[in-house]
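These protein sequence lines are chains A and B, in that order.
Taken in order, the first sequence gives residues 1 to 342; the numbers are from this note's numbering.
Taken in order, the second sequence gives residues 343 to 731; the numbers are from this note's numbering.
Note that these hints are calculated values from the structure, not bench results.
Heads up, the beta-carbon is just placed ideally off N, CA and C, and yes, glycines get one too.
Mixed in with the good hints, there may be bad ones.
As the list claims (entries may be wrong) - Derived EDC-like pairs (lysine to aspartate or glutamate); straight-line CA-CA distance at most 16 Å: (1) A/Lys-316 <-> A/Glu-238; (2) B/Lys-585 <-> A/Glu-308; (3) A/Lys-172 <-> B/Glu-414; (4) A/Lys-268 <-> A/Glu-308; (5) A/Lys-143 <-> A/Glu-221; (6) A/Lys-81 <-> A/Asp-146; (7) A/Lys-261 <-> A/Glu-221; (8) B/Lys-646 <-> B/Glu-631; (9) B/Lys-585 <-> A/Asp-76.
What the hints assert, rightly or not - Simulated restraints on C-beta separations: (10) A/Val-218 <-> B/Thr-488: 20 to 30 Å; (11) A/Leu-137 <-> B/Leu-595: 19 to 29 Å; (12) A/Ala-31 <-> B/Gly-372: 24 to 34 Å; (13) A/Thr-259 <-> B/Gly-374: 55 to 65 Å; (14) A/Lys-143 <-> B/Leu-563: 44 to 54 Å; (15) A/Thr-214 <-> B/Pro-512: 20 to 30 Å; (16) B/Phe-378 <-> A/Thr-259: 53 to 63 Å; (17) A/Ser-208 <-> B/Glu-583: 33 to 43 Å; (18) B/Phe-378 <-> A/Phe-37: 29 to 39 Å; (19) A/Thr-78 <-> B/Leu-377: 32 to 42 Å; (20) A/Ser-317 <-> B/Leu-377: 20 to 30 Å; (21) A/Gly-56 <-> B/Glu-467: 52 to 62 Å; (22) B/Lys-554 <-> A/Leu-137: 55 to 65 Å; (23) A/Ala-114 <-> B/Glu-583: 38 to 48 Å.
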Amino acid sequence: MKMLKSTLAVMTAAAALGLSSFAQAGATLDAVQKKGFVQCGVSDGLPGFSVPDAKGTIVGIDADVCRAVAAAVFGDATKVKFSQLNAKERFTALQSGEVDVLSRNTTWTSSRDAGMGLVFAGVTYYDGIGFLVNKKLGVSSAKELDGATICIQAGTTTELNVSDYFRANGLKYTPITFDTSDESAKSLESGRCDVLTSDKSQLYAQRSKLASPTDYVVLPETISKEPLGPVVRKGDEEWFSIVRWTLFAMLNAEEAGVTSKNVEAEAKSTKNPDVARMLGADGEYGKDLKLPKDWVVQIVKQVGNYGEVFEKNLGKSTPLQIDRGLNALWNNGGIQYAPPVR
Amino acid sequence: MHNPPRGLSLSDPRVRAWLFQILTIVFVVGLGWYLFHNTQTNLQHRGITSGFDFLERSAGFGIAQHLIPYTESDSYARVFVIGLLNTLLVTFIGIILATLLGFIIGVARLSPNWMINKLATVYVETFRNIPPLLQILFWYFAVFLTLPGPRGSININDTFFISNRGLNMPGASLAEGFWPFAVAVLLAIVAVVAMVRWANRRFEATGEPFHKFWAAVGLLLLIPGLSVLLFGNPLSWELPELKGFNFAGGWVLIPELLALTLALTIYTAAFIAEIVRSGIRSVSHGQTEAARSLGLREGPTLRKVIIPQAMRVIIPPLTSQYLNLAKNSSLAAGIGYPEMVSLFAGTVLNQTGQAIEVIAITMSVYLAISISISLLMNWYNKRIALIER
Numbered sequence: 001m002k003m004l005k006s007t008l009a010v011m012t013a014a015a016a017l018g019l020s021s022f023a024q025a026g027a028t029l030d031a032v033q034k035k036g037f038v039q040c041g042v043s044d045g046l047p048g049f050s051v052p053d054a055k056g057t058i059v060g061i062d063a064d065v066c067r068a069v070a071a072a073v074f075g076d077a078t079k080v081k082f083s084q085l086n087a088k089e090r091f092t093a094l095q096s097g098e099v100d101v102l103s104r105n106t107t108w109t110s111s112r113d114a115g116m117g118l119v120f121a122g123v124t125y126y127d128g129i130g131f132l133v134n135k136k137l138g139v140s141s142a143k144e145l146d147g148a149t150i151c152i153q154a155g156t157t158t159e160l161n162v163s164d165y166f167r168a169n170g171l172k173y174t175p176i177t178f179d180t181s182d183e184s185a186k187s188l189e190s191g192r193c194d195v196l197t198s199d200k201s202q203l204y205a206q207r208s209k210l211a212s213p214t215d216y217v218v219l220p221e222t223i224s225k226e227p228l229g230p231v232v233r234k235g236d237e238e239w240f241s242i243v244r245w246t247l248f249a250m251l252n253a254e255e256a257g258v259t260s261k262n263v264e265a266e267a268k269s270t271k272n273p274d275v276a277r278m279l280g281a282d283g284e285y286g287k288d289l290k291l292p293k294d295w296v297v298q299i300v301k302q303v304g305n306y307g308e309v310f311e312k313n314l315g316k317s318t319p320l321q322i323d324r325g326l327n328a329l330w331n332n333g334g335i336q337y338a339p340p341v342r
Numbered sequence: 343m344h345n346p347p348r349g350l351s352l353s354d355p356r357v358r359a360w361l362f363q364i365l366t367i368v369f370v371v372g373l374g375w376y377l378f379h380n381t382q383t384n385l386q387h388r389g390i391t392s393g394f395d396f397l398e399r400s401a402g403f404g405i406a407q408h409l410i411p412y413t414e415s416d417s418y419a420r421v422f423v424i425g426l427l428n429t430l431l432v433t434f435i436g437i438i439l440a441t442l443l444g445f446i447i448g449v450a451r452l453s454p455n456w457m458i459n460k461l462a463t464v465y466v467e468t469f470r471n472i473p474p475l476l477q478i479l480f481w482y483f484a485v486f487l488t489l490p491g492p493r494g495s496i497n498i499n500d501t502f503f504i505s506n507r508g509l510n511m512p513g514a515s516l517a518e519g520f521w522p523f524a525v526a527v528l529l530a531i532v533a534v535v536a537m538v539r540w541a542n543r544r545f546e547a548t549g550e551p552f553h554k555f556w557a558a559v560g561l562l563l564l565i566p567g568l569s570v571l572l573f574g575n576p577l578s579w580e581l582p583e584l585k586g587f588n589f590a591g592g593w594v595l596i597p598e599l600l601a602l603t604l605a606l607t608i609y610t611a612a613f614i615a616e617i618v619r620s621g622i623r624s625v626s627h628g629q630t631e632a633a634r635s636l637g638l639r640e641g642p643t644l645r646k647v648i649i650p651q652a653m654r655v656i657i658p659p660l661t662s663q664y665l666n667l668a669k670n671s672s673l674a675a676g677i678g679y680p681e682m683v684s685l686f687a688g689t690v691l692n693q694t695g696q697a698i699e700v701i702a703i704t705m706s707v708y709l710a711i712s713i714s715i716s717l718l719m720n721w722y723n724k725r726i727a728l729i730e731r
């Protein structure tokens with residue numbers, strides 16, 4: 001009944017848009033503080049980003065961004081409730097106020113930032129579209145995919161970018177679009193599609209879920225830029241800043257070498273003025289954001305810095321084994337870069 | 343007894359009736375206006391683009407099945423038409439097949455043959471009681487996708503290929519004999535109509551029956567056949583050929599379409615069978631006996647006496663089954679068949695973010711389809727209704 005549920009969700013959300021009152025600057029933070037938790041929109045199950053574990057807790061880097069927001073606002077990373085949304089439901093859920101922040105491997109594009117009443121708060125993960133194919137096909141490059149049937153998840157930038165790539169290279173293809181990533185993976189396994197296409201991080205995750213992952217290979221090409229990040233409603237700059245700076249705080253903590261293990265000691269005894277400002281030992285930088293003084297301490301202590309969160313969810317110790325690559329810090333060969341707290 | 347007071351008074355029932363009607367209209371219009379205005383303001387305030395301009399923007403994504411030519415640079419409006427046509431295609435094929443199958447099963451349920459009777463009962467009870475979405479998923483994932491791939495496809499005479507990519511078949515394109523052929527078909531139809539009229543007149547005048555059906559088949563075969571002999575083939579056929587990943591050339595029925603049509607047909611036919619059975623049952627046994635005593639055989643009794651009377655009972659509930667089939671076609675989103683809901687209310691909604699406009703358009707499409715089916719069936723119902731003299 002997934003389909004019925006999602007149609008209902010879109011319809012109620014559309015109706016809610018008609019009935020709900022204005023969004024105002026500050027409204028989201030007030031509402032969040034009043035209800036006592038952050039409502040966070042995550043994916044319908046993507047390993048490494050947001051997926052329920054054996055106990056039903058949502059784990060992953062996207063989920064941890066929401067936990068970090070809760071840690072910053074309440075000083076308690078558990079004060080967050082998750083809504084699992086598929087690609088089609090996600091924007092309406094955010095627009096209508098069903099969720100306070102959408103942290104759901106969502107690509108930052110101009111039309112989403114400008115025309116939909118949404119605004120992206122930053123980039124959690126720099127990604128790009130790739131292709132997953134069965135080794136039996138003997139394909140080694142995306143350029144050899146002329147005439148292929150391709151499984152895509154509906155309502156994603158992938159639908160557009162794949163079309164662009166094939167048009168640009170003068171290749172033909174047949175798209176089969178499914179509502180959920182599970183359905184498209186099932187269709188790849190059954191041979192309905194020759195290729196499964198999605199963000200590369202997702203391809204690794206989906207491959208790990210297939211019956212025999214070793215039969216499939218991710219092609220070397222990355223055909224698009226897919227910066228994934230948390231999204232909030234437009235028109236509430238205060239809440240926007242909180243989400244954006246939560247992400248920056250995690251990056252800055254990694255850069256300064258502040259980890260969940262040493263953060264409390266650092267907060268008390270650091271000699272580094274930059275770290276002192278960030279951890280609230282010097283100045284009142286949290287207050288500008290309407291957050292408690294120790295907001296960064298709580299984020300790092302309870303959730304971890306960016307590097308820790310990445311390693312825990314996507315890194316070498318996980319089945320996904322994704323390299324930091326573009327997502328390494330700027331001073332370490334990547335492009336993750338956060339403005340300073342001061 | 344005193345006269346009711348002149349002028350407007352709440353104690354006058356007519357005044358009260360008017361007042362309440364006016365109040366109701368004011369309330370409904372006011373509520374509508376409030377909702378519209380509030381939505382407009384909210385959208386504007388949140389910086390969400392509204393309006394229907396998006397329909398002219400280019401879509402930029404591919405579509406698996408389109409009945410009219412389509413490229414990625416075409417507009418969202420064209421995507422809408424494609425979604426609509428795909429929905430109509432499933433609805434149309436589904437209604438025809440479900441009606442045929444439903445009538446057969448319905449008659450079979452009344453069969454005196456124990457085996458046929460019980461098989462029909464099992465069919466009805468099974469398929470009526472399984473949710474349609476489940477049946478669609480079953481046909482798609484458990485039947486069509488488990489077929490072999492294009493390279494190991496089931497090959498029928500090198501012309502038809504069945505694989506998990508669908509049913510590949512020869513595709514037709516117009517050849518030099520097409521226009522003479524079209525004219526010949528038209529001529530044949532005119533000839534059939536004339537023949538039927540003549541036969542009916544003769545039947546009414548003399549009571550002599552005429553083999554209208556076989557004469558019509560003969561005419562339809564003969565005249566277009568002559569045109570083919572004289573002017574050549576109307577169509578040229580292109581065989582599907584295995585090329586690269588898949589078959590190229592010819593036509594293909596994609597498995598999503600097959601699974602959806604099959605599931606909806608089988609599901610709806612179970613209901614239609616019950617409607618047909620109840621319709622036939624509603625005709626009293628006396629009618630059969632009367633027909634027999636007139637000397638009519640079993641076939642004509644069913645066709646000329648029972649069915650026409652049963653139709654009056656069958657048509658109204660049949661209409662609602664047709665409507666259900668049209669609406670159930672939206673379940674296709676679960677298997678990636680590009681119809682209205684999955685293509686327009688899915689992909690287009692998401693790419694444009696204009697939920698209200700897209701959902702409103704989609705809802706009005708289903709409303710329009712349903713009302714059209716209703717009107718057509720009501721017209722037919724009136725035509726066959728009992729004319730009381």
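Now for the hints, and whether the structure bears them out:
{"no.": "1", "hint": "A/Lys-316 <-> A/Glu-238", "result": "violated, 36 Å"}
{"no.": "2", "hint": "B/Lys-585 <-> A/Glu-308", "result": "violated, 49 Å"}
{"no.": "3", "hint": "A/Lys-172 <-> B/Glu-414", "result": "holds, 11 Å"}
{"no.": "4", "hint": "A/Lys-268 <-> A/Glu-308", "result": "violated, 21 Å"}
{"no.": "5", "hint": "A/Lys-143 <-> A/Glu-221", "result": "holds, 9 Å"}
{"no.": "6", "hint": "A/Lys-81 <-> A/Asp-146", "result": "violated, 44 Å"}
{"no.": "7", "hint": "A/Lys-261 <-> A/Glu-221", "result": "violated, 39 Å"}
{"no.": "8", "hint": "B/Lys-646 <-> B/Glu-631", "result": "holds, 13 Å"}
{"no.": "9", "hint": "B/Lys-585 <-> A/Asp-76", "result": "violated, 59 Å"}
{"no.": "10", "hint": "A/Val-218 <-> B/Thr-488: 20 to 30 Å", "result": "holds, 26 Å"}
{"no.": "11", "hint": "A/Leu-137 <-> B/Leu-595: 19 to 29 Å", "result": "holds, 24 Å"}
{"no.": "12", "hint": "A/Ala-31 <-> B/Gly-372: 24 to 34 Å", "result": "holds, 29 Å"}
{"no.": "13", "hint": "A/Thr-259 <-> B/Gly-374: 55 to 65 Å", "result": "holds, 58 Å"}
{"no.": "14", "hint": "A/Lys-143 <-> B/Leu-563: 44 to 54 Å", "result": "holds, 52 Å"}
{"no.": "15", "hint": "A/Thr-214 <-> B/Pro-512: 20 to 30 Å", "result": "violated, 40 Å"}
{"no.": "16", "hint": "B/Phe-378 <-> A/Thr-259: 53 to 63 Å", "result": "holds, 54 Å"}
{"no.": "17", "hint": "A/Ser-208 <-> B/Glu-583: 33 to 43 Å", "result": "holds, 37 Å"}
{"no.": "18", "hint": "B/Phe-378 <-> A/Phe-37: 29 to 39 Å", "result": "holds, 34 Å"}
{"no.": "19", "hint": "A/Thr-78 <-> B/Leu-377: 32 to 42 Å", "result": "holds, 39 Å"}
{"no.": "20", "hint": "A/Ser-317 <-> B/Leu-377: 20 to 30 Å", "result": "violated, 53 Å"}
{"no.": "21", "hint": "A/Gly-56 <-> B/Glu-467: 52 to 62 Å", "result": "violated, 38 Å"}
{"no.": "22", "hint": "B/Lys-554 <-> A/Leu-137: 55 to 65 Å", "result": "holds, 57 Å"}
{"no.": "23", "hint": "A/Ala-114 <-> B/Glu-583: 38 to 48 Å", "result": "holds, 47 Å"}
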